[in-house]
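Take a look at the letters that make up each chain.
There are 2 protein chains.
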Amino acid sequence: MKALRWHGREDLRIDEIHEPAPRPGEVTVEVGFCGICGSDLNEFLVGPGVITTDPHPATGGLAPLTIGHEFAGRIVELGEGVSDAALDDRVVVNPSISCGRCFYCRNGQYIRCSELASIGMHCDGGMARYVSVPASSLHRLPDNIGDDVAATVEPLTVAMRAVQRGGLKSGDTVSIVGAGPIGLMTLLMARAAGAAAVFVVEPSPVRRKVASELGAAGAFDPAHCDVAREIQRSTPGKAGTDLAFECAGAPAALKTAISSTRRGGSIVILGVFKEAAELDLNEVMQCERNLLGSHGASDSLFDPVIQMIADGRLDPAPLITRRISLDDAVEHGFRALATSRDEQIKVLVRPGNGSI
Amino acid sequence: MKALRWHGREDLRIDEIHEPAPRPGEVTVEVGFCGICGSDLNEFLVGPGVITTDPHPATGGLAPLTIGHEFAGRIVELGEGVSDAALDDRVVVNPSISCGRCFYCRNGQYIRCSELASIGMHCDGGMARYVSVPASSLHRLPDNIGDDVAATVEPLTVAMRAVQRGGLKSGDTVSIVGAGPIGLMTLLMARAAGAAAVFVVEPSPVRRKVASELGAAGAFDPAHCDVAREIQRSTPGKAGTDLAFECAGAPAALKTAISSTRRGGSIVILGVFKEAAELDLNEVMQCERNLLGSHGASDSLFDPVIQMIADGRLDPAPLITRRISLDDAVEHGFRALATSRDEQIKVLVRPGNGSI
Numbered sequence: 001m002k003a004l005r006w007h008g009r010e011d012l013r014i015d016e017i018h019e020p021a022p023r024p025g026e027v028t029v030e031v032g033f034c035g036i037c038g039s040d041l042n043e044f045l046v047g048p049g050v051i052t053t054d055p056h057p058a059t060g061g062l063a064p065l066t067i068g069h070e071f072a073g074r075i076v077e078l079g080e081g082v083s084d085a086a087l088d089d090r091v092v093v094n095p096s097i098s099c100g101r102c103f104y105c106r107n108g109q110y111i112r113c114s115e116l117a118s119i120g121m122h123c124d125g126g127m128a129r130y131v132s133v134p135a136s137s138l139h140r141l142p143d144n145i146g147d148d149v150a151a152t153v154e155p156l157t158v159a160m161r162a163v164q165r166g167g168l169k170s171g172d173t174v175s176i177v178g179a180g181p182i183g184l185m186t187l188l189m190a191r192a193a194g195a196a197a198v199f200v201v202e203p204s205p206v207r208r209k210v211a212s213e214l215g216a217a218g219a220f221d222p223a224h225c226d227v228a229r230e231i232q233r234s235t236p237g238k239a240g241t242d243l244a245f246e247c248a249g250a251p252a253a254l255k256t257a258i259s260s261t262r263r264g265g266s267i268v269i270l271g272v273f274k275e276a277a278e279l280d281l282n283e284v285m286q287c288e289r290n291l292l293g294s295h296g297a298s299d300s301l302f303d304p305v306i307q308m309i310a311d312g313r314l315d316p317a318p319l320i321t322r323r324i325s326l327d328d329a330v331e332h333g334f335r336a337l338a339t340s341r342d343e344q345i346k347v348l349v350r351p352g353n354g355s356i
Numbered sequence: 357m358k359a360l361r362w363h364g365r366e367d368l369r370i371d372e373i374h375e376p377a378p379r380p381g382e383v384t385v386e387v388g389f390c391g392i393c394g395s396d397l398n399e400f401l402v403g404p405g406v407i408t409t410d411p412h413p414a415t416g417g418l419a420p421l422t423i424g425h426e427f428a429g430r431i432v433e434l435g436e437g438v439s440d441a442a443l444d445d446r447v448v449v450n451p452s453i454s455c456g457r458c459f460y461c462r463n464g465q466y467i468r469c470s471e472l473a474s475i476g477m478h479c480d481g482g483m484a485r486y487v488s489v490p491a492s493s494l495h496r497l498p499d500n501i502g503d504d505v506a507a508t509v510e511p512l513t514v515a516m517r518a519v520q521r522g523g524l525k526s527g528d529t530v531s532i533v534g535a536g537p538i539g540l541m542t543l544l545m546a547r548a549a550g551a552a553a554v555f556v557v558e559p560s561p562v563r564r565k566v567a568s569e570l571g572a573a574g575a576f577d578p579a580h581c582d583v584a585r586e587i588q589r590s591t592p593g594k595a596g597t598d599l600a601f602e603c604a605g606a607p608a609a610l611k612t613a614i615s616s617t618r619r620g621g622s623i624v625i626l627g628v629f630k631e632a633a634e635l636d637l638n639e640v641m642q643c644e645r646n647l648l649g650s651h652g653a654s655d656s657l658f659d660p661v662i663q664m665i666a667d668g669r670l671d672p673a674p675l676i677t678r679r680i681s682l683d684d685a686v687e688h689g690f691r692a693l694a695t696s697r698d699e700q701i702k703v704l705v706r707p708g709n710g711s712i
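Residue numbers (this note's numbering), protein chains in the order written: chain Z, 1 to 356; chain A, 357 to 712.
Please keep in mind that the hints were generated in silico from the structure rather than gathered at the bench. Some clues are possibly wrong.
[Claimed, not checked] Calculated cross-link-like contacts (lysine-lysine; reagent style DSSO-like; alpha-carbon spacing at most 27 Å): (1) A/Lys525 x Z/Lys169; (2) Z/Lys209 x Z/Lys255; (3) A/Lys611 x A/Lys525; (4) Z/Lys169 x Z/Lys238; (5) A/Lys594 x A/Lys611; (6) Z/Lys255 x Z/Lys274; (7) A/Lys630 x Z/Lys274; (8) A/Lys630 x A/Lys611; (9) Z/Lys238 x Z/Lys255; (10) Z/Lys255 x Z/Lys169; (11) A/Lys594 x A/Lys525; (12) A/Lys630 x Z/Lys255; (13) A/Lys611 x Z/Lys274; (14) A/Lys565 x A/Lys611; (15) A/Lys611 x Z/Lys255.
[Unchecked claim] Short derived list, chain Z residues pointing at chain A, Cβ under 8 Å: (16) Phe103; (17) Gly237; (18) Arg263; (19) Leu270; (20) Phe273; (21) Glu278; (22) Gln286; (23) Asn290; (24) Leu291.
[Said to hold, decoys possible] So the derived list for chain A, only partly shown, Cβ under 7 Å to chain Z, looks like this: (25) Phe459; (26) Arg468; (27) Gly593; (28) Arg619; (29) Phe629; (30) Ala632; (31) Leu635; (32) Asn638; (33) Val640; (34) Met641; (35) Glu644; (36) Asn646; (37) Leu647; (38) Leu648; (39) His651.
If you're wondering where the values come from, they're calculated on a predicted model, not measured in any experiment. Note that beta-carbon positions come from the ideal geometry of N, C-alpha and C, so glycine has one too.
Assemble the whole structure, with the sequences as input and the hints as a guide.
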């Protein structure tokens with residue numbers, strides 16, 4: 001079968017590889033759609049970052065390997081000993097694999113596992129027609145969620161994790177700095193969690209428009225206004241939002257996120273930073289703000305996200321702006337996102353033979 | 357009467373001023389002891405910082421004014437309408453005065469009042485024999501706490517606030533970076549709150565010795581060892597403490613505090629920073645750490661601190677290294693702290709005629 005494999009920076013290739021067979025405890029999934037994540041793009045443009053060129057301690061995996069960790073599909077083969085999954089089950093896959101032995105795994109915090117591995121980064125992922133994954137990574141899909149929308153479940157769990165980390169309460173006001181896929185998903189998730197008003201800060205007019213269509217109470221261009229002041233004006237009394245989400249991974253964005261929050265407010269950091277940020281910590285200390293890191297997603301969040309999509313409270317469909325075949329994945333997926341990032345939000349790849 | 361008044365940077369003077377009379381709702385306190393706080397020293401060395409040279413919106417106060425906000429004494433006169441205090445009551449004073457009208461005051465978060473004022477910064481404070489203060493700022497002292505120890509109650513509430521902000525739980529491991537008065541008080545408070553082991557990071561050998569005497573499980577010199585690695589070694593499994601307190605207000609100290617904590621750990625920032633800090637935010641994001649600002653103290657914490665001193669769980673007496681008269685306050689207090697800071701921890705001034 002064909003697979004999109006990462007060989008090195010700027011070196012993604014369509015390789016011909018053997019179809020995988022499930023090992024004991026695994027199932028083989030026929031992938032319906034697999035999304036391109038910002039971290040995949042990062043591996044392409046400036047990697048290796050998360051991908052290792054040495055064998056990963058948890059999976060033994062090393063490059064070259066099939067990329068892709070945001071995917072959903074159908075079970076086509078069961079490995080030995082798998083009893084809680086059935087052929088033809090439609091599933092989304094939690095890509096995180098933890099060691100099970102360290103302090104964090106022993107205490108139910110597997111997301112903090114010091115040897116955490118990811119399918120699509122440390123072993124073959126979803127950018128191929130078939131992939132074998134542990135049965136313990138599966139979350140069943142209801143019939144009313146298609147494989148395309150289901151491919152957004154994984155990044156939506158990242159947004160849900162961030163909303164949980166920030167302790168968002170019904171009625172809170174929220175600022176989101178950076179309206180890429182994760183920022184926009186955090187907007188959807190914050191509204192679904194009861195946020196009273198969500199303000200979005202984003203330089204791209206295309207993305208600001210999408211943010212407004214998705215229910216943002218305001219969408220500000222940081223190049224053309226004093227965003228913190230606008231948000232302070234929009235939150236009378238408190239003079240700032242209760243909660244901000246930094247979804248850009250940029251020092252200037254973090255400063256905006258901090259100054260957009262009220263005294264005692266929290267700033268959740270989701271962005272991956274490419275450079276050190278110079279901060280005036282007195283803005284944190286004197287105003288008793290909280291800077292809270294949020295990373296990845298907990299296995300326990302997949303089913304709630306699926307539930308909220310199924311019953312209509314979350315609708316990520318508008319975020320899917322392009323569906324392409326595996327052959328087009330590099331040119332119309334990775335390169336398109338790299339060169340004109342704000343024209344696309346979520347690009348999905350169809351690695352099999354189904355219609356796009 | 358004599359009063360130690362701030363006129364400007366490097367300009368503290370013993371002035372002769374009128375004895376204050378209590379306004380309605382106020383009492384006059386004869387000050388037993390008044391401590392010199394790091395923020396007082398800051399006003400002396402690089403002020404005006406907190407002190408305003410314009411009238412403060414809440415108190416109308418402006419320099420020159422009597423400095424000092426860590427004090428205790430005895431009520432000698434009651435203003436009109438004061439019914440919940442009596443002559444000769446021994447009291448400690450909460451120096452914070454909030455506006456009572458803003459969003460934060462209306463929602464019980466007066467410490468976040470946007471017009472928060474402090475006795476000794478925005479109106480006359482404790483470095484004089486008599487001071488008039490609102491009756492609502494008083495906390496009664498039991499007989500077994502002397503005025504000297506009582507003068508440490510205010511900074512101890514700052515330490516208690518920090519311990520609360522960090523969510524310290526019984527059994528937690530803790531690192532404290534910077535063993536000045538606030539760092540050492542945080543050590544006492546963390547142990548009183550059930551911390552299993554507290555590691556202190558401090559360049560001064562004198563202060564490291566005090567930290568060990570006060571119960572630190574380890575006291576590390578950042579100039580001579582890789583502190584984060586030592587603390588990681590001392591916390592097997594977790595590879596880092598649950599909680600760190602940054603009590604130095606220095607970028608290098610904050611980096612040490614962050615890297616000394618485990619994944620998912622919290623770093624409480626108490627220090628006042630004189631410069632911007634350059635941080636790798638991925639250490640916050642990827643390890644899901646929390647940076648939590650802590651500022652000042654809540655009125656509700658004075659009575660619990662008094663209770664814990666009274667029943668012996670907190671003993672701040674070893675932190676009092678010098679007691680001086682008002683006449684000696686500048687030379688043997690402020691200048692001594694400025695030039696050989698690590699020889700003194702808490703210096704107390706006796707503004708009246710009592711014995712030192």
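Restraint check, 7 Å cut-off on beta carbons, for A/Phe629 near chain Z: holds, 5 Å
Status of the A/Arg619 interface restraint (C-beta, 7 Å, chain Z): holds, 4 Å
Status of the hint placing A/Phe459 at chain Z (closest C-beta pair under 7 Å): Nearest chain Z Cβ about 4 Å off; hint holds.
Per-residue hint verdict: A/Ala632, partner chain Z, C-beta under 7 Å: OK, holds: A/Ala632 within 7 Å of chain Z, min 5 Å.
Interface restraint verdict for A/Met641 against chain Z (beta-carbon cut-off 7 Å): Cβ of A/Met641 sits 4 Å from chain Z, so the hint holds.
Given hint Z/Glu278 near chain A, where the shortest CB pair must fall under 8 Å: For Z/Glu278, the interface hint holds, since the closest Cβ of chain A sits about 5 Å away, which is under 8 Å.
Given hint A/Gly593 near chain Z, where the shortest CB pair must fall under 7 Å: OK, holds: A/Gly593 within 7 Å of chain Z, min 4 Å.
A/Lys594 paired with A/Lys525 [C-alpha distance capped at 27 Å]: holds, 16 Å
Proposed proximity, A/Lys611 with A/Lys565 (alpha carbon, max 27 Å): Measuring from Cα to Cα gives roughly 23 Å; hence the hint holds.
Given pair status - Z/Lys274, Z/Lys255, alpha carbons within 27 Å: The given pair, whose Cα atoms are some 15 Å apart, holds under the 27 Å limit.
Per-residue hint verdict: A/Leu648, partner chain Z, C-beta under 7 Å: holds, 5 Å
Residue hint Z/Gly237, partner chain A, criterion CB-CB below 8 Å: holds, 4 Å
Checked against the numbered hints given earlier, the structure satisfies every one of them.
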